[in-house]
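Modelling step: build the complete structure from the supplied sequences, incorporating the hints.
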Amino acid sequence: MLDRFNRKITYLRISVTDRCNLRCRYCMPEEGITLIDRSDILSFDQITDVVRVGSELGIRKIRITGGEPLVRKDLPALIAMIRKIKNIEEIGMTTNGALLDKYAGALKQAGLDRVNISMDTTDPEKYRHITRLGDLESVFRGIRAALDAGLTPVKLSLIHI
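In terms of numbering that gives the first Met the number 0, the sequence shown opens at residue 0 and continues consecutively.
Heads up, a few of these hints could be off.
List time: in silico DSS-like cross-link candidates among lysine-lysine, alpha-carbon distance up to 27 Å [claimed, not checked]: (1) K72 x K85; (2) K85 x K7; (3) K125 x K101; (4) K101 x K60; (5) K7 x K60; (6) K154 x K101; (7) K72 x K154; (8) K7 x K154.
Hints in this document: simulated from the structure, not taken from any laboratory.
So this is what it looks like as structure tokens:
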């Protein structure tokens, strides 16, 4: 499979939810957003069907995203389903990291390889202001848990220091 510039496409990003545990000022208006009805979100079987077809067309790397993917119920089960698909070499996830300390071990055991953690700042006051309700310490716990679980490399995307 080739893109319009004749480059091989080997990477697929899959948004597993539009929901998030934070309310970042740049992402969500204070009044909230209209969420997709849960019945309209792809099931795990539908997602793995897409990945299976993609793998037959040359997809080798999967990136799980959201919203915040860790708010999707039973996410380790989806990771395990994707891990079983022939030719998938790497599964990564982009997360805000705030829930990662609870799930890092189960995600690694299910077959997740690596994480990218988006954090807006390393300043606790700025973080709380930007996210409207986030606790930066929970992100630091998530980073530690990811490292301890072997979800490496752990990449951090910092917007403001």
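Status of each hint after checking the structure:
1. K72 x K85: holds, 24 Å
2. K85 x K7: holds, 18 Å
3. K125 x K101: Between K125 and K101 the Cα gap is close to 24 Å, so the pair holds against 27 Å.
4. K101 x K60: It holds: about 24 Å lies between the C-alpha atoms, which stays within 27 Å.
5. K7 x K60: holds, 12 Å
6. K154 x K101: holds, 18 Å
7. K72 x K154: Given that 27 Å is the threshold and the Cα spacing comes to 24 Å, the pair holds.
8. K7 x K154: Within the cut-off at roughly 24 Å; holds.
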